[in-house]
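Chemist: Sequence:
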Amino acid sequence: MKNWRLIEDPPQSGPFNMAVDFQLLEQFKPGKIPIFRLYSWERPTLSLGRNEKIDEGINLDSCRKQRIPLIRRMTGGKAVLHHSDLTYAIIGELGDLQFGKGVHEAYRSLARGFLLFFQKLGLDPQLVESSESRTMEPHLCFSVPSMAEILVEGRKLIGSAQRI
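Residue numbers for the sequence shown follow numbering that gives the first Met the number 0, so the first one is 0 and each next one is one higher.
Any given hint might turn out to be false.
Stated by the list, open to error - In silico BS3-like links for lysine-lysine, alpha-carbon gap of 30 angstroms or less:
| hint | residue 1 | residue 2 |
| --- | --- | --- |
| 1 | K155 | K64 |
| 2 | K100 | K155 |
| 3 | K155 | K1 |
| 4 | K155 | K52 |
| 5 | K119 | K64 |
| 6 | K1 | K119 |
| 7 | K31 | K119 |
| 8 | K1 | K31 |
| 9 | K1 | K100 |
| 10 | K100 | K119 |
Unchecked claim - Pair ranges (Cβ atoms, derived):
| hint | residue 1 | residue 2 | range |
| --- | --- | --- | --- |
| 11 | K64 | N2 | 39 to 49 angstroms |
| 12 | D84 | R111 | 17 to 27 angstroms |
| 13 | K64 | F27 | 34 to 44 angstroms |
| 14 | D84 | D123 | 19 to 29 angstroms |
| 15 | K52 | V127 | 19 to 29 angstroms |
| 16 | K119 | N2 | 12 to 22 angstroms |
| 17 | E128 | L69 | 31 to 41 angstroms |
| 18 | P43 | R4 | 44 to 54 angstroms |
It should be emphasised that the hints constitute simulated quantities derived from the structure, not laboratory data.
Since the model is a prediction, treat every value here as computed from it, not as a measurement.
Note that the Cβ used here is the ideal one computed from N, Cα and C, for glycine as well.
Could you put together the complete structure from these sequences and hints?
Modeler: Following this line, the structure appears as structure tokens:
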């Protein structure tokens with residue numbers, strides 16, 4: 000396995016976190032070592048996937064009343080209400096053999112790494128091998144497990160989204 004660059008950031012605002020992810024992606028060059036960034040959120044923030052529509056599934060009035068900012072991620076996926084969670088970003092080449100060949104294999108490769116990590120923490124994680132029929136109905140990311148995501152005691156523990 001290759002070396003990776005690890006970035007551990009303190010809690011920051013949603014716009015700051017998204018700007019750092021974007022900057023790391025923009026500056027990444029083929030042949031460079033992958034980047035693994037860990038970060039968290041200084042206040043509750045609702046992040047929306049790159050192509051997610053703001054509709055009846057997102058209660059904007061409630062977000063305004065509770066002063067929960069909305070941001071858009073540059074990756075796909077569904078809405079995530081961040082606050083006390085730990086968020087990660089991985090920036091690397093899709094053609095890098097440690098990620099596998101193609102989007103689905105990249106998901107599986109990363110999931111296997113997280114599975115081992117959670118096992119070492121003493122948890123009993125389960126890897127979802129295939130996803131349920133995905134609809135485009137709005138839902139929160141953690142309400143529906145997708146292919147190559149990890150469950151503990153039947154609950155989704157980690158969500159992943161990619162931008163290729």
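Chemist: Would you pick out the hints that fail for this structure and give their numbers low to high?
Modeler: 5, 18
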